[in-house]
Each structure stands twice: as C-alpha cells, then as structure tokens.
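K.L.:
Kindly generate the complete structure, drawing on both the sequences and the hints.
Protein sequence lines, in the order shown, are assigned to chains A and B.
Every letter in the first sequence is one number past the one before it in the numbering used here, and letter 327, counting from 1, is 327.
Every letter in the second sequence is one number past the one before it in the numbering used here, and letter 53, counting from 1, is 53.
Simulated from the structure, these hints should not be mistaken for laboratory data.
Since the structure is predicted, the reported quantities are computational estimates derived from the model, not experimental observations.
For each residue, glycine too, the CB sits at the ideal point set by N, CA and C.
Some hints could be false.
[Unchecked claim] Estimated spans, in silico, between C-beta atoms of each pair:
#1 A:Y296 to B:G187: 43 to 53 Å
#2 A:T388 to B:E114: 47 to 57 Å
#3 A:E301 to B:N137: 24 to 34 Å
#4 A:Y3 to B:N137: 21 to 31 Å
#5 A:R394 to B:S73: 20 to 30 Å
#6 A:P351 to B:E114: 26 to 36 Å
#7 B:D75 to A:Y352: 34 to 44 Å
#8 B:N172 to A:N18: 19 to 29 Å
#9 B:R129 to A:S281: 19 to 29 Å
[Claimed, not checked] Each computed BS3-like pair below joins lysine-lysine, with the alpha-carbon atoms no more than 25 Å apart:
#10 A:K165 to A:K193
#11 B:K128 to B:K56
#12 B:K97 to B:K3
#13 B:K190 to A:K304
#14 A:K9 to B:K112
#15 B:K112 to A:K304
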Amino acid sequence: MRYFIFQIKNSIEDFKRNKTRTLLASLGIMIGVLSVVMLIALGIGLKNYIKGQFENMGTNLIMVMPGSGFESGFNAGAFTSSISLDERDVNSLRRISDATYVVPVFFKSAVIESEGEEEFGYVMGINEEFFEVMNASAEYGSILTKSEVQGRSKNVVLGYSLADKLYSDPSLAVGKTIRFNNQRFKVIGVIEKKGDNELDGSVVMSYRTTYGSINPDKTFWSIYVGVNDEDKIESVKLQAEEALARRYDKDDFSVSEQDELLEVVNQIFNMVNGVLIAIGSISLVVGGIGIMNIMYANVTERTKEIGIRRAIGATRGDIMAQFLTESVLLSGFGGVMGLLVSALIVVLVHPYFPIALNFFAVVLAIGISTLIGVFFGVFPARRASSLTPIEAIRYE
Amino acid sequence: MIKLQNVYKTYYLGEEKVEALKKANLNIKKGEYVGILGPSGSGKSTLMHIIGLLDKPSSGKINLFGKDISRLSDDAISSLRNQKVGFVFQQFNLIEKFTVLENIILPAQYAKYELDFDPQKRAMKLLKRFGIYERANFHPNEISGGQQQRTAIVRSLIMKPDLILADEPTGNIDTKTGDEIMELLEGLNKEFGVTVVIVTHEPDVAERTKRKIYVKDGEIVTRL
Numbered sequence: 001m002r003y004f005i006f007q008i009k010n011s012i013e014d015f016k017r018n019k020t021r022t023l024l025a026s027l028g029i030m031i032g033v034l035s036v037v038m039l040i041a042l043g044i045g046l047k048n049y050i051k052g053q054f055e056n057m058g059t060n061l062i063m064v065m066p067g068s069g070f071e072s073g074f075n076a077g078a079f080t081s082s083i084s085l086d087e088r089d090v091n092s093l094r095r096i097s098d099a100t101y102v103v104p105v106f107f108k109s110a111v112i113e114s115e116g117e118e119e120f121g122y123v124m125g126i127n128e129e130f131f132e133v134m135n136a137s138a139e140y141g142s143i144l145t146k147s148e149v150q151g152r153s154k155n156v157v158l159g160y161s162l163a164d165k166l167y168s169d170p171s172l173a174v175g176k177t178i179r180f181n182n183q184r185f186k187v188i189g190v191i192e193k194k195g196d197n198e199l200d201g202s203v204v205m206s207y208r209t210t211y212g213s214i215n216p217d218k219t220f221w222s223i224y225v226g227v228n229d230e231d232k233i234e235s236v237k238l239q240a241e242e243a244l245a246r247r248y249d250k251d252d253f254s255v256s257e258q259d260e261l262l263e264v265v266n267q268i269f270n271m272v273n274g275v276l277i278a279i280g281s282i283s284l285v286v287g288g289i290g291i292m293n294i295m296y297a298n299v300t301e302r303t304k305e306i307g308i309r310r311a312i313g314a315t316r317g318d319i320m321a322q323f324l325t326e327s328v329l330l331s332g333f334g335g336v337m338g339l340l341v342s343a344l345i346v347v348l349v350h351p352y353f354p355i356a357l358n359f360f361a362v363v364l365a366i367g368i369s370t371l372i373g374v375f376f377g378v379f380p381a382r383r384a385s386s387l388t389p390i391e392a393i394r395y396e
Numbered sequence: 001m002i003k004l005q006n007v008y009k010t011y012y013l014g015e016e017k018v019e020a021l022k023k024a025n026l027n028i029k030k031g032e033y034v035g036i037l038g039p040s041g042s043g044k045s046t047l048m049h050i051i052g053l054l055d056k057p058s059s060g061k062i063n064l065f066g067k068d069i070s071r072l073s074d075d076a077i078s079s080l081r082n083q084k085v086g087f088v089f090q091q092f093n094l095i096e097k098f099t100v101l102e103n104i105i106l107p108a109q110y111a112k113y114e115l116d117f118d119p120q121k122r123a124m125k126l127l128k129r130f131g132i133y134e135r136a137n138f139h140p141n142e143i144s145g146g147q148q149q150r151t152a153i154v155r156s157l158i159m160k161p162d163l164i165l166a167d168e169p170t171g172n173i174d175t176k177t178g179d180e181i182m183e184l185l186e187g188l189n190k191e192f193g194v195t196v197v198i199v200t201h202e203p204d205v206a207e208r209t210k211r212k213i214y215v216k217d218g219e220i221v222t223r224l
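P.N.:
Following this line, the structure appears as structure tokens:
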C-alpha cells in the first residue's frame with residue numbers, strides 16, 4: 001500500500017511538471033470515452049423514443065399488413081407485396097368475435113395547404129374506432145363520429161403538430177378549411193399531442209372519404225385490430241391469419257402483435273448500437289496511441305532519472321510499475337473526464353430527447369480506458385526498464 | 001568483500017571493439033579505503049561500475065558480499081545495490097524534480113522489506129550532521145555543487161550500506177569543498193567501518209587513500 005501511494009505520488013509529481021502534456025494526452029482518451037458513452041446514450045435514446053411511440057398506441061393491438069412483415073426478420077423487401085388490403089378484408093376480420101375494434105388505415109404523405117400556408121404532412125384514412133384503439137382524444141373541437149365516417153364527410157381532424165405548424169396556435173385550427181388534392185376539408189378538431197410523428201403530423205379523415213382521387217384503388221396500408229381482453233390476443237391473431245389465408249397466400253400478408261414489433265425494433269437497435277460502439281472504439285484506440293506516444297517521449301526524456309533510480313535499487317519491476325501507473329492514471333483521468341462531460345451532455349439534452357447513461361456504458365468506458373492505459377503503457381515501460389543502470393544514467 | 005577474477009568488459013563503438021577492462025583481478029576487504037587511479041579512458045570507471053553492479057562484465061567472475069553475482073537475478077542485484085551499496089557520482093545524479101529530502105529517502109522507497117529505521121528521521125539526522133539541514137526542502141538546482149554532493153553522500157548512506165563507491169566525487173566542485181567531501185568520506189570509513197572505493201585521477205585525492213589500485217588501458221597494474 002505504501003509502495004502504491006509512492007508510485008502514485010511519483011506520477012502526480014510528474015504530471016504537475018508537465019501540465020499541458022498531461023492534459024493533451026488525456027484529451028485523446030477523454031474524446032474516445034465521450035464518443036463511446038454518448039453513442040451508447042444516443043442509441044438508448046433512440047430506443048426509448050421508438051418505444052414511447054409504440055406505447056402511445058393503445059395496447060393489445062394487432063397489425064395486419066401486406067407483405068411478409070416483421071415476422072421473418074427485417075428486410076428491405078418486407079413491405080413490397082403483390083396484395084393490397086381492402087374493405088373485404090376489414091369485413092372478414094370483423095367476423096372474429098373477440099376483435100373489439102377493426103380499423104382500416106390508409107396512409108399517404110401529402111402537402112397540406114391552408115390560408116396560404118403549405119406544410120408537409122400525412123393523410124390518414126380511418127374509421128371512428130381508430131381513436132379508441134390509439135387512445136387519442138380531441139384537444140380542441142371534436143373527433144370524427146360514426147356517421148361522419150359512414151357518410152364520407154369532408155370533416156377532418158388534425159394531428160397536434162400539423163395544426164401547430166399551419167396555424168400560430170393549434171386551438172385556432174377548429175373551423176378552418178384545409179386543401180389538398182384539389183379538395184377542401186373542414187377542420188372540426190385537433191387531437192392531443194401523442195408523441196407519434198405520423199399521427200401528430202396527419203390530417204385524419206374517414207377512410208371512405210379517401211375513396212376517389214386520394215385513394216382510387218380503395219386499399220389500405222394496414223388494418224389495426226384492437227382486442228379488449230389481453231388473454232384473447234393470441235386467438236384473435238390466429239383467427240385473423242385464418243380469415244386472411246382464405247383469400248391470400250400465407251406469405252403475402254403478416255399479422256403481428258405490438259410486442260413482436262417492439263422486439264424487432266429492439267433487435268435493430270442492438271445492432272445499430274453495436275456499430276456505434278465500434279465507431280466510438282476507434283477513437284478510443286487513437287487516444288490510446290496518443291498516450292503511448294507521450295509515454296515513449298516521457299521514457300526517453302527521463303532515461304537518466306530511470307538510471308538513477310536503478311542505481312539506488314529500483315528493480316525493473318519498480319520502473320515498469322512507475323510508468324504503468326502514469327499511463328493508467330493518464331487514461332483513467334481522461335476516462336473520468338469523458339464520463340463527466342457525457343453526463344453533463346445527457347442532463348442537458350434529456351429534456352428534448354430521451355437519451356440516457358447506462359451502467360454498462362459507464363463500466364465500459366472506465367474499464368476500457370484503464371485497459372488502454374495498461375496496454376499502451378507496457379511498451380514504453382518495458383523499454384524504460386530494459387537498459388542497464390549505467391546505460392541509462394549516461395544517456396543524454 | 002569484493003573479489004574479481006579474470007573480469008573482461010568489451011563493448012563495440014560502431015565497428016570498433018573496445019576492451020574497457022582486461023583480465024581484471026582484484027580483492028578488496030571489508031573496511032578498506034581504496035583509491036582506483038588512472039588517466040581518463042583507462043577503464044577505472046568501468047571497473048567501478050562493475051564492482052557496483054551498475055554494469056555487467058562480458059566475462060569473468062565477481063563475488064560481492066560473499067555472493068556469486070552471475071547467479072543472481074536482476075531483482076536480486078537491484079536489491080543488493082539498494083541495501084549494500086551507496087553511490088556518489090561526479091555529476092551528483094540527483095533527481096531534479098525532488099527536494100533534497102525526497103532524493104535522500106528515495107532508496108528507502110524501493111526497499112522490499114520492512115526497514116529497522118524511519119528513513120525520514122534518519123535523513124534529518126544525517127542532514128544535520130553534514131551541515132545541509134536547512135536545505136532539506138530545496139531542489140538540487142537551488143543549492144551549490146558542494147551541497148548537492150553532500151546530498152548525494154547522505155542518499156548513499158540512508159540504507160546503511162557496507163560499501164560506498166565514489167566516482168570522481170570532487171570532480172565538479174571547488175578544491176576547498178572537495179577537501180570537505182573527502183573528509184566526510186574518510187570519516188565514514190573510520191567511524192563506521194564502511195568500505196570506501198574512490199575513483200579519481202586527481203593526485204591530491206589519491207594521496208589520501210590508504211590503498212591504491214592503478215588502471216591503465218583497461219588493465220590493473222602495480223604502478224603507473
């Protein structure tokens with residue numbers, strides 16, 4: 001212990017004499033740790049964000065989509081499919097007794113115009129059950145009723161952020177007229193903010209109103225099936241598959257629960273995280289090489305000191321320990337600094353985006369920076385201890 | 001205490017082979033006060049470095065404190081230097097970033113066993129005795145050459161060594177201070193029975209030693 005303190009005191013003594021060099025050497029590690037920790041934090045943030053979006057949808061939701069969907073893993077071709085869902089499918093799904101809600105969802109991006117303002121947004125065609133399934137109520141005005149849906153009403157409801165963008169205040173949207181596809185619609189309400197980019201940015205109308213110029217094929221992007229009783233989800237899912245299999249090939253559509261979707265999203269983000277960490281690690285290695293460089297210079301500059309220490313009885317191990325202590329302290333210092341800066345950034349950004357530090361990232365950062373100190377410190381330290389005392393003392 | 005048998009030291013300066021030491025045979029007993037004399041480049045420093053375990057011989061046998069050095073590991077040799085040998089160099093070889101006191105107790109930090117004394121207290125006692133007590137917290141570049149050499153001597157004594165090796169100890173200081181340093185070394189030999197070996201080419205210094213070993217062209221000779 002006394003010896004340990006002696007070595008650490010030795011190192012600190014030396015750092016004090018070379019403040020700039022010490023700081024610069026640690027900076028490399030600091031940036032490396034910062035990038036690894038921040039990339040992990042960002043990955044977690046993205047995951048939390050997406051998860052939040054899913055949670056905004058009502059629970060116990062089954063999504064029917066054309067294509068093989070998420071089930072066979074995630075691939076680019078998953079959404080391209082020969083089949084299109086239409087009202088016949090909606091009706092066959094309605095026959096499932098435990099399916100409380102069946103919502104056709106038409107979805108398309110569009111440029112929406114109102115009072116001379118143009119905004120990019122989406123058009124959603126749905127039925128009145130959509131609001132139940134999505135757990136969405138009106139912030140201002142009202143939502144669509146069954147009769148409006150059935151009667152192909154030109155009344156629409158705006159997502160919160162779209163209303164916000166079009167009008168200076170979302171509450172002013174009610175009663176206004178919007179235009180797209182050369183048609184006029186009357187805004188009767190604004191949905192509360194859901195944190196879902198698509199829904200918040202949409203013009204929501206009756207699916208039947210989309211028939212015509214907006215949706216000439218009368219097809220849907222997806223059909224949502226809401227189930228009140230959680231225990232019935234599996235059986236509804238199976239029945240939905242059966243119902244659709246009568247019309248389509250099994251590979252041409254997919255029926256998935258929200259949980260499965262979440263799992264796929266998790267998988268994707270674990271992969272993304274891995275890539276991000278790999279990128280961050282490169283800067284850690286670069287930082288480590290910086291430390292090695294400094295330590296080599298250090299050893300050369302202090303060869304005479306090493307010789308004196310050897311002459312008065314320091315073993316090779318003592319000299320090794322001295323330089324290793326220095327490089328570990330250097331990189332450890334950089335690591336802790338990097339971590340502190342990351343923590344600060346996380347605290348600052350958190351109100352806007354749900355990034356977070358996790359235990360794994362912290363352990364990884366501290367562990368790796370210490371390891372780098374040892375790894376890149378060993379070579380210079382070995383060199384320092386390999387000279388005979390007299391060679392070292394005479395070195396100028 | 002020191003026995004050298006047929007010790008050679010050869011090294012290469014580029015292509016040129018230099019025989020710094022040839023067939024050196026030597027026997028120094030405990031408590032002796034010995035001068036190693038010879039012109040510069042004669043190999044006397046090499047001889048001292050080999051005796052002091054700072055350098056390895058190319059061939060030959062060395063027995064120090066009753067131990068065959070060739071059989072010892074580097075750690076054991078380091079530990080011998082630490083416990084039994086004290087060095088005083090012409091260039092003082094103090095560590096500049098440490099204070100006088102820190103320099104002096106540095107050998108104690110490398111001791112691999114529990115010391116039977118408190119290095120701090122011993123250092124202060126020695127500093128008083130050698131008249132540099134007030135300089136304990138100065139750095140080497142803040143004190144005179146004579147004071148630096150005293151510091152080096154105190155450092156060499158901190159571990160209670162059996163052997164002091166001094167390589168041109170008065171070479172870098174004025175004559176008056178040089179005399180004082182020599183008196184100090186003599187005193188150590190007389191009072192504590194420490195074996196002292198001094199390498200020098202100065203006749204005055206050589207005059208004061210009790211036994212003289214002459215080195216010429218890498219060989220130990222009876223006289224110059």
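K.L.:
Compare the structure with each hint and give your call.
P.N.:
Comparing the hints with the structure gives:
| no. | hint | result |
| --- | --- | --- |
| 1 | A:Y296 to B:G187: 43 to 53 Å | 45 Å, holds |
| 2 | A:T388 to B:E114: 47 to 57 Å | 29 Å, violated |
| 3 | A:E301 to B:N137: 24 to 34 Å | 25 Å, holds |
| 4 | A:Y3 to B:N137: 21 to 31 Å | 23 Å, holds |
| 5 | A:R394 to B:S73: 20 to 30 Å | 24 Å, holds |
| 6 | A:P351 to B:E114: 26 to 36 Å | 58 Å, violated |
| 7 | B:D75 to A:Y352: 34 to 44 Å | 59 Å, violated |
| 8 | B:N172 to A:N18: 19 to 29 Å | 28 Å, holds |
| 9 | B:R129 to A:S281: 19 to 29 Å | 59 Å, violated |
| 10 | A:K165 to A:K193 | 13 Å, holds |
| 11 | B:K128 to B:K56 | 37 Å, violated |
| 12 | B:K97 to B:K3 | 37 Å, violated |
| 13 | B:K190 to A:K304 | 33 Å, violated |
| 14 | A:K9 to B:K112 | 18 Å, holds |
| 15 | B:K112 to A:K304 | 23 Å, holds |
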